[in-house]
Amino acid sequence: NAGVTQTPKFQVLKTGQSMTLQCAQDMNHEYMSWYRQDPGMGLRLIHYSVGAGITDQGEVPNGYNVSRSTTEDFPLRLLSAAPSQTSVYFCASSYSRQTNTEAFFGQGTRLTVV
Amino acid sequence: AQSVTQLDSHVSVSEGTPVLLRCNYSSSYSPSLFWYVQHPNKGLQLLLKYTSAATLVKGINGFEAEFKKSETSFHLTKPSAHMSDAAEYFCVVSETGRRALTFGSGTRLQVQP
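Heads up: the protein sequence lines correspond to chains A and B, in order. Using the numbering used here, read the first sequence as starting at 17 and increasing by one per residue. Using the numbering used here, read the second sequence as starting at -5 and increasing by one per residue.
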């Protein structure tokens, strides 16, 4: 059982480049989300999805796009990378829309924008 | 609005001594509360959660937390620290009906031999 799988684990981008962070889960979870982790700030929600075809913005959505064409996959797109997007990104999933259920996290993607 | 304050950014204990990681929360409604642990270069793992059942919650690896509504606290404790407990710990709050978790800023636990 793979759980939540994120790729790549590490990435270096130049300012202005675009890229997609991949996230896949094999638990048939309906709720998926993306967070960024910055020192001293915990995790902050970027975007989330409550099911295939449904996405919404979180706390810090600017500069990021998402889509959810299948239950399993929830990619995060950086449209034009900026140094302020240097961070560790985590994808999470849970079986219910109710946020009192356990969230399962991927291993993270460490992104550096130079 | 919901918010979480972890009162210590770093805690250092000796192996075999008790651990106390402090968390206060603010919530307009009946919250669900969680503690997650993050080992270096790893994802987050759930330690325990409170969802309005028993106020004393037992988690994995000997950790437990007590929900105190009057003090709006959800402190994490362990009677005896082990070297493998060295990690970062996050207190997390969620209100019923909201679609997002709110994370505290984290507490880094060091365990000295």
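Treat each hint with caution, since some may be false.
Partial list, derived from the structure: chain B residues whose beta carbon lies under 7 Å from chain A [as the list claims (entries may be wrong)]:
1) 33
2) 34
3) 40
4) 44
5) 47
6) 77
7) 80
8) 100
Hints listed in this document are in silico derivations from the structure and should not be mistaken for laboratory results. A virtual CB, placed ideally from N, CA and C, is assigned to each residue, including glycine.
Do the hints match the structure? See the list:
no.: 1; hint: 33; in the structure: 11 Å, violated
no.: 2; hint: 34; in the structure: 11 Å, violated
no.: 3; hint: 40; in the structure: 5 Å, holds
no.: 4; hint: 44; in the structure: 9 Å, violated
no.: 5; hint: 47; in the structure: 11 Å, violated
no.: 6; hint: 77; in the structure: 22 Å, violated
no.: 7; hint: 80; in the structure: 18 Å, violated
no.: 8; hint: 100; in the structure: 6 Å, holds
Consistency note: the structure conflicts with the earlier hints numbered 1, 2, 4, 5, 6, 7.
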